[in-house]
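Protein chains in written order, with the numbering used here: chain Y, 1 to 286; chain L, 1001 to 1607.
It should be emphasised that the hints constitute simulated quantities derived from the structure, not laboratory data.
Virtual Cβ for every residue (Gly too), placed ideally from N, Cα, C.
Check before you lean on any hint, since a few could be wrong.
As the list claims (entries may be wrong) - Facing chain L, from chain Y, some residues (calculated, C-beta under 7 Å):
no., residue
1, 74
2, 75
3, 76
4, 88
5, 140
6, 144
To be verified - Pairs of lysine to aspartate or glutamate residues, derived as EDC-like cross-links and limited to a Cα-Cα distance of at most 20 Å, are as follows:
no., chain 1, residue 1, chain 2, residue 2
7, Y, 285, Y, 245
8, Y, 217, L, 1333
9, Y, 53, L, 1179
10, Y, 124, L, 1179
11, L, 1288, Y, 131
12, Y, 285, Y, 228
13, L, 1145, L, 1198
14, Y, 217, L, 1215
15, L, 1352, Y, 258
16, Y, 285, Y, 34
17, L, 1169, L, 1215
18, L, 1458, Y, 281
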Amino acid sequence: MIYKSIPLFLSLLTIAFFTQYASAGGLSDNEAIDIFFQANNEYGAAQKAMAAKEEQEALEKFNHAAQLYEQLIQSEYENGQIYYNLGNSYYRQGMPGKSIVAYRKAEKMLPRSGDIKANIALLKKDFGDKESVSQVPEFLKTLCFWYFFLNLNEITALTIYIYIAFMTSLISAVFLPYRWIRNSTTACAICLVILVISLGVKIYSEYSCEKGVVIAKECKIRYGPGEEYEPKLKIHEGAELKIEEEREGWYKVFVYVEIEKTLEEKEKRDTESKRGWVEKEKIGKI
Amino acid sequence: MKLFFTFVISLLLLTGYSGRAFAEEIRLTASVDNAMIEVGNYVRLTIEIHGAFDTDQPKLPELEGFSKQYGPSITTQTRIINNAVSINRGFTYMLVPNGIGKYSIPPATLKYKGKTYTTDPIEIEVVERKPFEKKREKPDMDINKKLFIELTTDKNEAYIYEQIILSFKFFFQKGLPVEDLNYVPPSTKSFLAERLGDERRYEEVREGILYSVIELQTALFPVVSGTLEIPPANFKCNIIVRQQSSRRNPFGESLFDEFLGRNDYRYPVERETNSIKLEIKSLPEKDKPDDFADAVGNFTMDVTAKPAKVNVGDPITVTIKIAGKGNIKTLGEPLLKPEGEDDYKFYSTEAKTTITDKEAGIRGEKVFNKVIEPQHENIRATPMVSFSYFDPVIGKYQNITHEPIPISVENPETEIPLRFTLKDTERTKGEVKILTKDILPIMTNVDSFNNQGRGILKRPLFLGFIFCTPILLVLFCTYLQRHRDRLQTDTSYARKKRALPQAKNQLENTKQMIRSEKSTEFYSMLAKTLTELVADKLNLPPASLTSNNIGDTLDRRGVPPETVVELKECLELCDHARFSSASNTTDQMESVFKRAERIIELLEKQL
């Protein structure tokens, strides 16, 4: 009786999972695809106008395409392709800072896309500030390939599937004392532990650590949250930074740019000299 | 002694120190060991000649109020600090005051190589002698006059980013043994601070007393305007006071103690300076140049460009060297002003700062290396370089410009080389040049287009269900398997669990016997059902239980007496009905059957 009910229960569980997955949200998929098509067509038309040296027309069309992509995002319909195309539209309008913001959001959703990385690298070449972000070593990227290969949703789904597989094998191990079942339970447990750790790190990096990009042409990092404080550093559009605090229209930030040696000792320079306050409207949140 | 002195000087002359030694300016100073003395005590007057050793003895003036006890005792000192040699000759006199009052020791004079050198007069106060007991109560005399500290700045008012020199001076009377010096500098959080060189040691006469001075200097650059306060600096040290041993060890151990400093007493001294208030002015907005990048001080600029002959698109490195005194490390980048907007492509600048002098303020140079690429062949010179700074001495902005440096730019496409041989043709082969760099096209893949914003993590109910259900299932299955295993392995458990179903099954059979009016079989079966139930529940052989001992057995297991009595009565009734010849009606059997049913229910709960 009980053995018969287990597959039925698991089937119901899977159905419940997919039903939940499909039924959430506001804008329907078809409506979203229509707007996406429209925006892509507008972008294509702008590209043609640009080739024909009709700059004003091209600019207007790029702007319209960007508005359509923004409309999708505001309707809580998010996709990596929308953010990537929005980044391209901003770049064509001469807004590389906003473009980087959109690309970074797209990168979170489409971590395997080489196009996004290529565009970010191209934009960064033209930026005035030299970055000092430490890159993840290649061997670590290879070792933890799933972390860099999958986005948050994909890692979550994979963790759930492995969890269910682990529990199923655990139940099987209770009734059937075969060695191969015990081995597969151990393998599932190891995979589950690795995935849960990866998921935790991914959630921390995406939710706990707020990042931003300078979207104004240039911006001054000040000693305190207000115009009355003296400027400490001057950074330019496209510079990426970590947002640490928000207060009355100002962000406390840590900048990832290389600064020349100040009069203070090295240790202090690395932490305090790169920290300061900046107007909120000059920063685009990732 | 003289021989040794001559030897040292000769050695110095040989090793090249002489230039520095004799370059030192000659000075004559007079000092006393104490500016306030008691009647009957003496005061040491030392007249020192700095920078020369072949002078005559200084001429002592007429001393009013003092009698010369003895002197002079002559000392000669040669010191080498940081490769600088200094020579001192001291003439010490011991003077005894004639009476109470304030006296002045007039200047002593020295004639050397046609010049006359004089000392400053010294004021000495002679006071009454204190009783011995009072002295014992307060053995340390005026310690403040023996050592003190000072914190000073070279200016009280400055512009933002202007260099201010903060000096910390520790004065201690010459010869005073001090150790364990510990200086805690003041917090300079509103400034960028840079220490200026190593500590300086020299001597200075203050109010007639000769002090050894240790000075530490720091260059401060204020980064905010307004009234700023430098908090007090703290200083700690120990004065070594040699104690006279009251009992001298006959075996001479105290000599070792003295050598090892065991008789020394450390007198801790802690001092704090005053705080300093500084008025920091903002830089004037009037006449502020557009290219001003927070440079405050006095600077010069030198510009070079290499190579002077390039093709279109080839890099030229423009090296701009800004040198001078001021906030050299925080200097902003000079501005390059090309003639045409599209003449050059500019790359980010690399800067390197070198501090050349830290003795009298920060002085150094900052070299900016900027790579530029000429975009067409009509360019004849590099862009003009402009650098603005604020000079705090004159209180105005200054601008330095460097005229464009002539260069030659060629367009390689216009050159049509003549190729006569295959070798030349091969030489032109190379890597394919990237014509333009542009972003990659937009994405239009609708197949993978879905709402990625609806994350699984945003659905806590679903996650809770997915997480908890398998756990509950596992727990249930584990319980089930254990139960099955126990039924197979544990006879007691299995008999106990199966007792009730078996009893109910037998009751069903018994009921049929009522209908068929088989009274003997009925009562026999009922008694067997009840006995077997108890035997199964208690894991006992059924044969071991009789209607006589079943009561005691159940009593021992804690079954309530009412149930036991009921069971016994029922069993006795069954026995009586089986073995008596009296006829048993169906009603009687049904009554006994119901009674047996109730007993089974009670036993199920109580066993």
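Worksheet entry | Hints not upheld, ascending by number | Violated hints (numbers, rising): 1, 2, 5, 6, 9, 10, 11, 12, 13, 14, 16, 18; every other hint is consistent with the structure.
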